[in-house]
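Asks: Chain by chain, the residues run as shown.
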Amino acid sequence: MAKIIEKRLLTPVTKLFRVEAPLVAAATKPGQFVIVRVREGGERIPLTIADYDPDEGTITIVVQEVGVTTRYLGALDAGDDILDLVGPLGMPLEIPVEGHIVGIGGGFGAAALLCLMRELSARGNRTTIIIGAREKGLLILTEELAEVCDNLELCTDDGSAGLKGFVTERLQQLIDGDGPGCPDSIVAIGPMPMMRAVAETTRAAAIPTLVSLDPLMIDGTGMCGGCRVTVDDEVKFACVDGPVFDAHQVDFDEAVRRNKMYVEQEQASQERTACRSPAAEST
Amino acid sequence: MPLKRADKTPMPERDAGLRAHDFIEVNEGYDFSRAAFEAERCLRCQDPVCIEGCPVTIPIPDFIHEIAAGNMPGAAKILRSANPLPAICGRVCPQETQCEQLCHLGTQFIPVAIGYLERFVADWERDQPLGSAPAQPSNADKVAIIGSGPAGLVCAGELARLGHPVTIFEALHATGGVLRYGIPEFRLPKDILDWEIGLLEHLGVEIVRNVIIGKTITLDALFDEMGYSAVFIGTGAGLPKFLGIPGENLNGVYSANEFLTRINLMHADQFPEMDTPMKIGKRVAVIGAGNTAMDTVRTALRVGAEEGIIVYRRSENEMTARVEEHHHAVDEGVEFKWLTNPIEIVGDDEGWVTGLKCMKMELGEPDESGRARPVPIDGSEFVIPVDVVVLSIGNNPNPLLVKTTAGLKTNEKGCLVVGENTAETSRQRVYAGGDAVTGAATVILAAGAGKRAAAAIHEDLSASLQSTISVGH
Numbered sequence: 011m012a013k014i015i016e017k018r019l020l021t022p023v024t025k026l027f028r029v030e031a032p033l034v035a036a037a038t039k040p041g042q043f044v045i046v047r048v049r050e051g052g053e054r055i056p057l058t059i060a061d062y063d064p065d066e067g068t069i070t071i072v073v074q075e076v077g078v079t080t081r082y083l084g085a086l087d088a089g090d091d092i093l094d095l096v097g098p099l100g101m102p103l104e105i106p107v108e109g110h111i112v113g114i115g116g117g118f119g120a121a122a123l124l125c126l127m128r129e130l131s132a133r134g135n136r137t138t139i140i141i142g143a144r145e146k147g148l149l150i151l152t153e154e155l156a157e158v159c160d161n162l163e164l165c166t167d168d169g170s171a172g173l174k175g176f177v178t179e180r181l182q183q184l185i186d187g188d189g190p191g192c193p194d195s196i197v198a199i200g201p202m203p204m205m206r207a208v209a210e211t212t213r214a215a216a217i218p219t220l221v222s223l224d225p226l227m228i229d230g231t232g233m234c235g236g237c238r239v240t241v242d243d244e245v246k247f248a249c250v251d252g253p254v255f256d257a258h259q260v261d262f263d264e265a266v267r268r269n270k271m272y273v274e275q276e277q278a279s280q281e282r283t284a285c286r287s288p289a290a291e292s293t
Numbered sequence: 003m004p005l006k007r008a009d010k011t012p013m014p015e016r017d018a019g020l021r022a023h024d025f026i027e028v029n030e031g032y033d034f035s036r037a038a039f040e041a042e043r044c045l046r047c048q049d050p051v052c053i054e055g056c057p058v059t060i061p062i063p064d065f066i067h068e069i070a071a072g073n074m075p076g077a078a079k080i081l082r083s084a085n086p087l088p089a090i091c092g093r094v095c096p097q098e099t100q101c102e103q104l105c106h107l108g109t110q111f112i113p114v115a116i117g118y119l120e121r122f123v124a125d126w127e128r129d130q131p132l133g134s135a136p137a138q139p140s141n142a143d144k145v146a147i148i149g150s151g152p153a154g155l156v157c158a159g160e161l162a163r164l165g166h167p168v169t170i171f172e173a174l175h176a177t178g179g180v181l182r183y184g185i186p187e188f189r190l191p192k193d194i195l196d197w198e199i200g201l202l203e204h205l206g207v208e209i210v211r212n213v214i215i216g217k218t219i220t221l222d223a224l225f226d227e228m229g230y231s232a233v234f235i236g237t238g239a240g241l242p243k244f245l246g247i248p249g250e251n252l253n254g255v256y257s258a259n260e261f262l263t264r265i266n267l268m269h270a271d272q273f274p275e276m277d278t279p280m281k282i283g284k285r286v287a288v289i290g291a292g293n294t295a296m297d298t299v300r301t302a303l304r305v306g307a308e309e310g311i312i313v314y315r316r317s318e319n320e321m322t323a324r325v326e327e328h329h330h331a332v333d334e335g336v337e338f339k340w341l342t343n344p345i346e347i348v349g350d351d352e353g354w355v356t357g358l359k360c361m362k363m364e365l366g367e368p369d370e371s372g373r374a375r376p377v378p379i380d381g382s383e384f385v386i387p388v389d390v391v392v393l394s395i396g397n398n399p400n401p402l403l404v405k406t407t408a409g410l411k412t413n414e415k416g417c418l419v420v421g422e423n424t425a426e427t428s429r430q431r432v433y434a435g436g437d438a439v440t441g442a443a444t445v446i447l448a449a450g451a452g453k454r455a456a457a458a459i460h461e462d463l464s465a466s467l468q469s470t471i472s473v474g475h
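In order, the protein sequence lines correspond to chains W and L.
The opening residue of the first sequence carries number 11 in our numbering; numbering runs sequentially from there.
The opening residue of the second sequence carries number 3 in our numbering; numbering runs sequentially from there.
Keep in mind the hints are simulated off the structure, nothing from the lab.
Where a beta carbon is used, it is the ideal one built from N, C-alpha and C, also for glycine.
Derived lysine-lysine pairs resembling DSSO-like cross-links, with alpha carbons at most 30 angstroms apart: (1) L:Lys281 - W:Lys270; (2) W:Lys246 - L:Lys281; (3) W:Lys246 - L:Lys359.
In silico contact screen, one side only, chain W against chain L (beta carbon under 7 angstroms); selected entries: (4) Leu33; (5) Gly52; (6) Asp94; (7) Met233; (8) Gly235; (9) Gly236; (10) Glu264; (11) Arg267; (12) Arg282.
Given only the sequences and the hints, what does the whole structure look like? Please build it.
Replies: Pasting the structure below:
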């Protein structure tokens, strides 16, 4: 059991939880994740560790309500317990080069840049964060992210904040020498189409690019093999070999397809639970 | 000496047509009259070689004699003193290649049904009231056990009985390791597992879930920060092997670990009552012919498959499953394709499995394992139409702990190297046993290794305590 210390609504469907997990907080390095189970009979889902504080013994996770489990989690409040939480899992993220490092976050994936970019800035790199969302109100953690990098760049589809366009458009401008200039290395965390678009943007320029994959998992320790992804024509288990991989080597077609394996069941399950949502149950 | 009956007393089984659609245990167990009848078949040999076939050296004729004499408490006491998990081993041990294979009665007749009798005694014990909690640990040396599978459970139980405070660290949210996520309910009911684990907790064993040694806590921190005097590694062989054939990452392809875990641990067969989904196939091919493959294909039928097919590149004679599991699978309507080698998993435009492409094989000269080598027959390719494929071709040891711990020596297969009699790894006071050492094997071999390691740990800790005392004086 892990007690929720703080809950913040970042958008109507994106929630931040600071959770008491002293052993996990003490062991975490940027790039790692936890697996949680929210209720008896519940599934185990991986969540990236957005931030951690070994002194306070807490970790921060950010959840977007997209399915049954994330909705149950999103319905929890400060003071509630998360039934099961285990981690840190996966390998810490290793940046191959030093210099100008650009972190790109799409949607709630932006949260995962917090601890990572703070660490990279502290190591003496010049750091830029590009985050994007549909509109200004859906950009998350802008103040916190601004504190952990040298330049924070915003992009929105409707132009309500920052550049009107996708994060990849701003990235291309940087590669072309605009603003803080061409990146030496890139880390992208977010929805699969965005990570894939980043990989395509940097492939021609041969800029080292890492992505943090988010496949389906059960145990997170290599036991089930459900999270297998193909990287550089080799099968890897994202839970123990990743979750961070060379973006230019990832078979995105396969990764996207495998992530959608249970979409039909999940939709049926959501429709079924919609009429008895956790919020309705707790009242 | 009375004339011995040639046949063993039959085990009552649930009707195959009924049981193939539910998860209630297949074997119903002996009642007392059947057990006593079978116990009378034991020859009470001068040289009870059956014991040599038992990885935990149960005094087999002694407990069987107590059954024949009607002394159930006596039988239970003898059994439990040698095997901390008799209700489990009585159900899942491959007795026909262990104790029963060596039974002298077997030279002329069918051996004594030692496994069925073990189960009978353990189940009797389960119906008795639990005794009062034993005395508090008398030995100050704390021991940490990594993994709550059979090796860890037995090691923990033995050490607790020897007076050590013991903590088991389990990575999952539930205990039991492969006994929980691997072996299905119809072969090992989970209330039996819960009862055996409950007995360990009654002995004072502490179990901490959701902690991964090597990730959440390093092995070194167990000694340096948490004050454990010894560590036993029972992390099992939990890294599934794949064949490396095209199509293995198609949707609808599972490792046996994933398939069984989704059902046994996460109850995906009860989706959407339970939250974990899975693809329930109509025609399911399981590649491999070990116990896990039988568990998988029989589970597939129970969760709704119309056809369950075992695909194995060797012949029935080389199958590694227990005879009883094979026989149960046949009764339940499993189809067997022997001498059939999968070469590709084929799928549709959306990436879902539609078939398993195979080649016919014939048997050639014996290979390095001593079994006849299967040789492909040219031009024999054909496709078995299926919508789910499960690979049950074995597991490698889980490398997670070794990768994050300095100085743990492994062999070329990734198995931990331990001293033959000491169970100690290349690190002092770090011991290991079970599948993490042997590669994927049986529950009882893991239990035996856990038992021997517990004895070695106790001896080493007692010796170091002795030397501390003598230095102190």
